[in-house]
Every structure is written in C-alpha cells, then in structure tokens.
Amino acid sequence: MSWLRIPAGMWFWLVLVLAGQQAAAAEVRAPDHISGTTVVDAAGVLDLAAEHPDLVIIDARMRLDRRQGYLQGSVSLPDVDTDCDSLASVIPSLSHPVLFYCNGIHCGRSAVSARIAVECGYRRVYWFREGFEAWQAARLPYVKYAR
Amino acid sequence: MSHPYRPILSLQAVLVLSLGFMGMLALLVALATGRVYHGLTVQNMRDALLNLVALEAREALERIGEHAFDLGLAVQADPQLLAAYREPDRAAMSGLLDQQFRQYFVTAEVLPLLLLRAYTVDFRPLAQSRVGDVRPPLTEPVCPALLEQARSRQGPARFRLMADVCRSNGRPVHAALVPVGGLRLEGYLLVVSDPLPELASLAQDLGMAVNIVSAEGRELFRSKDWPAGSGAVARMTATHALRPALAPGDGPVLRVAVATDTTRLEARLTETGFAVLVAVATVTVVAVLVAFFLLRKTALLPLQALIQRLETESVVRRRGVPASGTGALLAVREVDMLHQIYEAVEHLAFNDHLTALPNRMRFSEWLERLTTGNRRQGDNFAVFVMDLDRFKVVNDSCGHSAGDEVLREVGERLRAALRNDDLVATPADDQYFDHLLARLGGDEFAAIVPGIGSSEEVAAVARRLLAAMRPPFEICGESFSVGLSIGVALFPVHGTNASALVCRADAAMYQAKLDGARWRIFDQDSTGQALCPAILQAPTAELERSA
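If you're matching them up, the sequences are chains A and B in order.
If you count the first sequence from 1, position 56 lands on 56 in this note's numbering, and the numbers rise without skipping.
Count along the second sequence from 1, then add 1000; that gives the number in this note's numbering.
Because the hints were derived from the structure by calculation, they are not lab data.
Misleading hints may appear alongside valid ones.
[Said to hold, decoys possible] In the DMTMM-like style, the derived pairs of lysine to aspartate or glutamate whose C-alpha atoms are separated by at most 20 angstroms in a straight line are:
#	chain 1	residue 1	chain 2	residue 2
1	A	K144	B	D1070
2	A	K144	A	D65
3	A	K144	B	D1078
[Said to hold, decoys possible] The following residues of chain A were derived to be distant from chain B, with all beta-carbon distances above 10 angstroms:
#	residue
4	V39
5	G104
6	E119
7	R123
Every residue gets a Cβ at the ideal spot worked out from N, C-alpha and C, and that includes glycine.
With the hints as extra help, turn the sequences into a complete structure.
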C-alpha cells in the first residue's frame, strides 16, 4: 500500500502543527483590539475618570475575584451575566461612557462584555485591556478592605 | 677514549638542563596563574556578595513599601476618613489616624509603624499620629526629597505610590507616600516605619551574619553569629551603604554588612590550585621526557655515532687535534669535536701531506680568488711554476723515501726563501694578498708572489729561490745537487684568469728548461703560441693594451 506512505518530512510538519495547536489551546490571550471600543491603559483610566466624573466602570470578573481588590467605583457585572438588559440597568444611556476591565490580558471576560456592549449599541465603550494586574503593578490605589 | 681537550658539558647534559629549565619555567607560570586565579575568585566572590547584599536590601525595602501600601489601602477603606479628607476636617482626621494607628500597630507586626501623616492633594499637612522617638512637628517634612519629588508630579503619575529611605531625627526611617482615592485623588497618607527589622531578616534569608550600623557608626543591629574579631575562621564581609534613592547626595542612611564563612571556599581553592599544579607538573614531565627521547633519537644518537665512526677511522688522531676548545666558556663536547674533525678533513683536502704545503686544489682556489672578485687596480702579482731537475737521480739511487725526504726539504727551503720581508709588501686590508707556496704534485711546485710587476722584481725572487736550492741535499750518505727550473707569468700583463696564468707560467718554465736558463718570464715571441693555444685567443687585445 505504497499510497499510504507519508514522507518523513511531512511527519515532522504534522507533529509541529499538532503541538502548536495544543500550546495555543493552553493560553487564553485577549485580542489587541475590539472594533467599536477604545483601548486604554492604567494612566488612560485615570485620565478618563478625571475627564468623565460619571464614567461607569464595569468589573467583568466573577464576584469572587473582587476580594483581591477592585477599582474604586466599579460595578460588578460578570461577563456571563452580561446582556443588553443587564447593561441597561447600570448604564444610563447608549451614549454614556463605559469602561470594561477584568484581571488582565489572560482574562477574556472584559473582551466578551465589551463586545456585547458594542452589539447592544453603546457608542462610547472603553476597554482597559491590561486589567487589574497592570493596575496593581503600577502601584495605583484601589479598594481592598471594604467594610 | 682519551681526548687532548677537556669537555665541560656533553650535548646530552645541555639538553637535559635546558629541558629541565623549561619545565621549571612552566611550573612557575602555573604557580603564578594559580595565584592570579585565587585572587580573581576571591574578588569575584566579594563582588557577588556585595551585589547580593544590595539586591536583598532593595528587596527588603520593596517589601516594606508593599506593607505600607497595604496599610494605606486599608486605611482609606474607611468612608469617614475619605470624608475627613474631602472636608478637610483636621480634628476628625487626627482622631481617625490615632485609631487606625493603634489598630494596625497592635494587630499587625509586619510593619513597625512610627508615624502616619495625612496630606491634602496639594501637600498641605492635615493631621498625624505617631509613636516612639520620631516626634517631628506636623509642619516639618519627614523625607523632604520624597515630598519634593511627589509635588512635582503631574496627571496620572500622582496616583502612584512613592517610597524611599531617609534619616529623621538621626535615625533611619522608611517613608511611603500612599495616594488616597482610587480614581479621584483625595489626598495622601505618609506611612513612616522602621526599616531595621526587615533588613535584619536578611540574616535568615541569606543564612549569613548581618550587622547594621547607622551613618554615624552606631550599631543598630547585630546577629548572634556576627564575628567578634579576627578569629581562626576565614571570613569575607561585604558592606552595602543604603542611600536614599531620591536624594543620593545626602549620604548613606545606614550600612548593612554581611559576613560569610569562606573556610570551604579557601579549602576548595587550595585544592583546585594543587590539582592544577599536579596536572601541569605531570604534563610538563611527560612533555620534557618526550622531547628528550625524540631529540635523543633524531639528533643526539646519530651525532654520537658519527663521531665514534670518525674516531675509529682515526681521522682526528692523525691530524693531531689542537686544544682549541678548552678555553671556551661553554664548550659542548660533541660540537667541539665536530668542529675539529671538520678542520682535520679540510686540512687533508687542501694540503699536501708530505710537505704540509698547500696542494694544487688550494693553489687553484687561491689563484681563482685573486683573479676574480673585487680586485683593486694595481694589485699585481706573479705566478711562479717550478720543476726540480735531476730529482729522478735521488729516487733511483736511494729509493722513494729518500725522494720524499728531499721533497720535504725543498718545500722548507722554498718557503724560507719566500718568507722574506722586503719581498712581500702585503696590503694590510686584503687577507688574500699574501704569498703562497704550493706543491702541485710530484716534483712540481708553484708560488704566488704579490706586489711584483717588473722583470727586475721577478729576477730578485727567482734568484732567491735558486740560491735556496744551491746547497746539496745530504741523503743516505750521499750528496745530491738538485736543480730548479722556474717559469713566471705576471698578472695582469700575461693573463687575467687563473688558467691562462698557470699555462703561461708553465710555458715559460718549459722554455727555461729548453734554453738551459734557470728561469724565464713568459714572452709571447720566444715561448710561442703552440704551448697554450686555447687560452691565447681571448685575452690578446687585453695583453696588447696592458703592454
């Protein structure tokens, strides 16, 4: 059955491709950009907060994650609970500025929430892609010991 | 084997000595390298230790900063405090800080708190709470450089935690400025703490003895195993001067010294050095032995075999080796012998062994030298060719040994006749320009006499030679009268090359024999061309010109 024989070089590529897919599956990484949103970093969040005192900040993490601390004034709305209705309950209007964040670039939740918000028609969606890890690394203040 | 000279060293001894010397040099180099390696290792170790202390101290300060930041976050979790910041309400703030201070100070041991001070956004002091000997007035800044730096910040940078070490009231303190308010800045909280416990924990972290002294040299901390003095144990210490990062010009806040036991390192270094030395010594010995055996096989043994062979052929003995090598400072036996053998062989090749006069080969070589190369103008000379008359009578009546005896005496007489000072005017700077008497073979002799250009001068020499031959030779009880026929050719008049000169002198001598004259100078007309046909062709024009 000579037609079944695969050249040795092909085996090499086959193994490489399979291994690559395995590695990719092991690591979740947020996209660089989501259309309809503006990506901001930690300093950008502070600028945004100074510019819009009524900025709505949505923490897309699970509620348990908020125990390690959260951005002051943020509202907890996990991505799994996010839809147009739940968003409408925390954001006054479709033109109101809203910021999404989760733990960081290996956390996909804020990306999911931000996409839903764009689909629901929110026009001023900001996405803090680097998330809470970057905030902590920059030694910026946050709420931890809430009573 | 007895030699007429005393050898100082044999070639083998010289070889062994020089190889041994090279081996010693290699060992010395290895030893020196070992010392350098030792020094470098110790230096590297000290540098590494210093870097380690600096790194650990920095990490300890970062931990303190972490704790201070944590405290700051905990403090601002109180809504009353935030309200007091917003008002600003100094009295309320003071009470809240005292409360926080006590609460934190009692429950947590992670941060040895000294002072808490609240500032507004524009760095006006609001209130403070304190303990122990740090009692600055509210208006007196604790770490001025830190506040100065914080005040100069703009935008989001104002939200960042800032921390540094400095001196307050002569004691080292750690100060952290924690921003209050997560997204809207409400003010700052200055957390001042004692860095000593965290720095002292280096002893556990590193497993080394730690000693901390203040900038003035006062001891602040000393671990139990800190070495009291220069004990028997080898120790290495490294001291890191902790300076304020924001005001390095203020000088060190304190000095952290660590000491580590280097006994094992020293032992290992010594061990390594010894191992290297042994390895080098082994390699050197092997290399020296290989070199010695190779040289012995390729140079020494063949040389000795050659010398032995020459000695058994008795070349050296017959010659009678002169004792020239004994005066030399370092005479190597074999080389010296080779030199003497060479001299003996050369003498055999160029001298007639009956009369000890130069032979035909040496004569031709001499003549060749005189007629070629850089001759000076006017360096004329005469070639005398001499043949014995009635020599056969001696051989016939008394035998060949008597003939040999006569030839020896003829040689001596001619030599004596030529060794006349007023005949030989030798230019001092020309080593070749001396007279030469040679035995060409049989009863034929020849002489080269310098400084002769005229027939009068030739006649003078010829008369001397003939006069020397006049006394009869007394041999085997009889008296023999042996005559001499002389032919002379002059350089450059009769020829400018060796063969022409010899041929013409020969021709002149045959003419003399025919004439019955005792001597003759070459004369083109009388001697004719038939005797030297081949040579006459070329230099005729030159002859005419010089004549």
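Which numbered hints fail: Violated hints: none; all satisfied.
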